[in-house]
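Visitor: Protein chains in written order, with our numbering: chain H, 1 to 635; chain V, 1 to 111.
Bear in mind the hints are in silico, worked out from the structure with no lab data behind them.
Cβ atoms here follow ideal geometry from the backbone N, Cα and C, with glycine treated the same way.
Don't take every hint at face value.
What the hints assert, rightly or not - Label-pair restraints from in silico Cβ distances:
hint	chain 1	residue 1	chain 2	residue 2	range
1	H	G600	V	I7	41 to 51 Å
2	H	T630	V	Q70	18 to 28 Å
3	H	L589	V	V79	44 to 54 Å
4	V	A57	H	T630	23 to 33 Å
What the hints assert, rightly or not - Okay, the calculated bits of chain H under chain V, using three or more residues with CB under 8 Å as the criterion:
hint	stretch
5	600-611
6	614-622
The chain contents come next:
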Amino acid sequence: MKSIIDLVYLVPLFPLIGFLINGLGRKNLSKSLSGIIGSGVILASFIVSVLIFNETTAEDFTAVTVNLFDFINVAGLNIPFAFQVDQLSTLFLLIITGVGFLIHVYSTSYMHEEESHHYARYFAYLNLFVFSMLLLVLGSNYLIMFIGWEGVGLCSYLLIGYWFKNTEYGNAARKAFVMNRIGDLGFLVGLFFIIQQFGSLTYTEVFSQAQSTDVGILTVITLLLFIGAAGKSAQIPLYTWLPDAMAGPTPVSALIHAATMVTAGIYMIARSNILYTLAPVSQTVVAVIGLATAILAATIAIKQNDIKKVLAYSTVSQLGYMFLGLGVGAYTGAVFHVMTHAFFKALLFLGAGSVIHAMQHEQDIRKMGGLAKKLPHTHWTFLVGCLAIAGIPPFSGFFSKDEILVNAYAHNPILYWIGLGGALMTAFYMFRLYAMTFRGTFRGSDEQAQQLHESQWSMVVPLIVLAVLAAVAGFIGIPELFAPGAHRLEHYLAPVFAASTELRAAHQLDHSTEYILLAVSLTLIAVAILYALNRFTKKPDIEDATGFGKTLANKWYVDEIYDTIISKPLNGLGYVFNRFVEKSGIDGLVNGVGKSVQWGSRQLRLLQSGLVGTYILWMVLGILIFFVITITILN
Amino acid sequence: MPINYYIILAVALFSIGVAGVLTRRNAIIIFMCVELMLNAVNLLLVAFSKMHYENVAAFNPSLQVGGEAQLFVFFIMVVAAAEVSVGLAIIVMMYRNIHSVDVNFLNRLKH
């Protein structure tokens, strides 16, 4: 049967073509042309994705594997280059290409100050980024996922270090790359274990054998995969790269945080859900690490003064919630949160970009304030984003976060209460950010005040589209509580998580408990929001933090601790090796060989005296020696 | 006549040639000594050829062998003649340039 699903390779192909055109022709393309190509290819992918999505909504749809060619076929290990189209990958396709497209459109005017070949380079990287991410979610085996996995790592490095003339940005890019590599190593070792255990990397083959596998081995595999996910999705202890990734242009942050990259870890665990369900220890680890990250990042975000840093820590925190969801078995909830988070976080970042653009590249919220009137569209879209992330109904964040938290409660009430604490902090710091940016009086310079302007339509339209999505996307996942059978996302994704759902003991909370939890959390969140709004509108937080706040402002000194316990000893070790092993040992050996040859040659050179008599003497002596040798041997 | 005498004579001639080349500095005399060595070899070639021919012929008179070694003598003579013509030309040029045929002056390649 010929259907659009057979053309799924077009989805990653378009961005690849865009990357090649923009990358190779960057010297010749005009700005508008590279912008159109860069955004157009993503739009084309999005259209194909929508068509594919249309196919997958059919009631009798089952996962389809599209084989493109044999990739690795050696010694009994067969890894085809194949794409798997099912509900999960299709949903991610829509998020990546849809949000990605809006970010591309936004970028066309956000980056207009760049020179044209840098502009084309930017779009080339952006397209490559989307391509890698599409490869990651489409692959039908872990190897293809790994290719995409590495691809997004590379692209994040390229984009974070996009302004490579600034050394600090370059360092941030390197930090992101190295942190990711640490995670990737775990992932890679996990893959080796999978090959050794299952003899295949193809999802369907691995998952069908999973039930008959030893739990210990599954635990090892899943923990190793989780290390990879922690690196890519910025969880403790590998999260510090994400806030530093703010060095890149703002739309890039939006892309990394919303559509690509950080959701890769969530996708991978959601994809491997059956493995995790069968390994309860790993699930607990995932949940605990997720929750710890959510709380830690939320506390840090409270005291940050850089608009992008606050958003970055909020992403880390929200990712923590997603891992909590995965850890308690609420796979649908986690994927749901990925989706709503993609909308509101892209919205918030693009809104922040609009603010930064209007403020002449000022990112410090202490120097903002009262922007609501000057940037009306940015203001209300940003407000929608804040309400969504804080979890106010009916905005989308409410539904997804609530689903995760309720599932956490069903798993263990302690997880719920801690998670709720994090949610309160989220509401608090988001509205601190909002109040200090848009409310109160303007605290910037006069020059900035004069230049303040609303951004162009190509920046505002994506904001509006995302704001609408962030507001209404939650309705595809209305909890059972309000309307039975209205959780359309759960229904849609059910086949992907079917095996896990069967295994998991269904703990259904009774409705009264759910209502109480809902009421409590909503009240507390509303209080936190009102308090933050009131306090920071009147008295913005412009002094440097003191006491405990200083610890938070300095991010719990985690970077410094890493520096002391990891970087410095490694550097010291490197110095010792460089000084003693490299310089005296290896260099000594290599140089010694060279020097002895030189010395020997210098001595031999003296034989060439230039006197014919001497030469003849040597010759005769040589002949005599041969003569003697020959005679000795012959006798 | 036994072969020993020929060998002794050839070795004596050859040694004189070697000694002359090693000790003398006059290019022409060195040249003559080289010729001496070549001719010592020629003498040996002829002597051995003759010896072998007689031995073989004694057993099988119809066999025509033993001429090959003597052919080499002619080769050596031709090569020696060519060498002498080139060598003497060099020596003449050398004399024109440095007014001497002392080989110890020919050490400029070193520098």
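Visitor: Check, residue by residue, whether the stretch 600-611 of chain H contains three or more positions whose beta-carbon lies closer than 8 Å to a beta-carbon of chain V, and give the verdict.
Guide: With 4 residues closer than 8 Å to chain V, the stretch 600-611 of chain H meets the three-residue bar; holds.
Visitor: Given the range 18 to 28 Å, decide if the beta-carbon distance of T630 of chain H to Q70 of chain V lies inside it.
Guide: Between T630 of chain H and Q70 of chain V, where Cβ atoms are some 26 Å apart, the hint holds.
Visitor: CB of L589 of chain H to CB of V79 of chain V, is that within 44 to 54 Å?
Guide: Holds, since L589 of chain H and V79 of chain V (Cβ atoms, about 52 Å apart) stay within the stated range.
Visitor: Is the hinted range of 23 to 33 Å satisfied by the C-beta distance from A57 of chain V to T630 of chain H?
Guide: holds, 31 Å
Visitor: Using a Cβ cutoff of 8 Å, are there at least 3 residues of the stretch 614-622 of chain H near chain V, or does the coverage claim fail?
Guide: Holds, because 3 residues of the stretch 614-622 of chain H bring their Cβ atoms closer than 8 Å to Cβ atoms of chain V.
Visitor: Does the Cβ-Cβ separation between G600 of chain H and I7 of chain V fall within 41 to 51 Å?
Guide: holds, 42 Å
Hint compliance for this structure: every hint is met.
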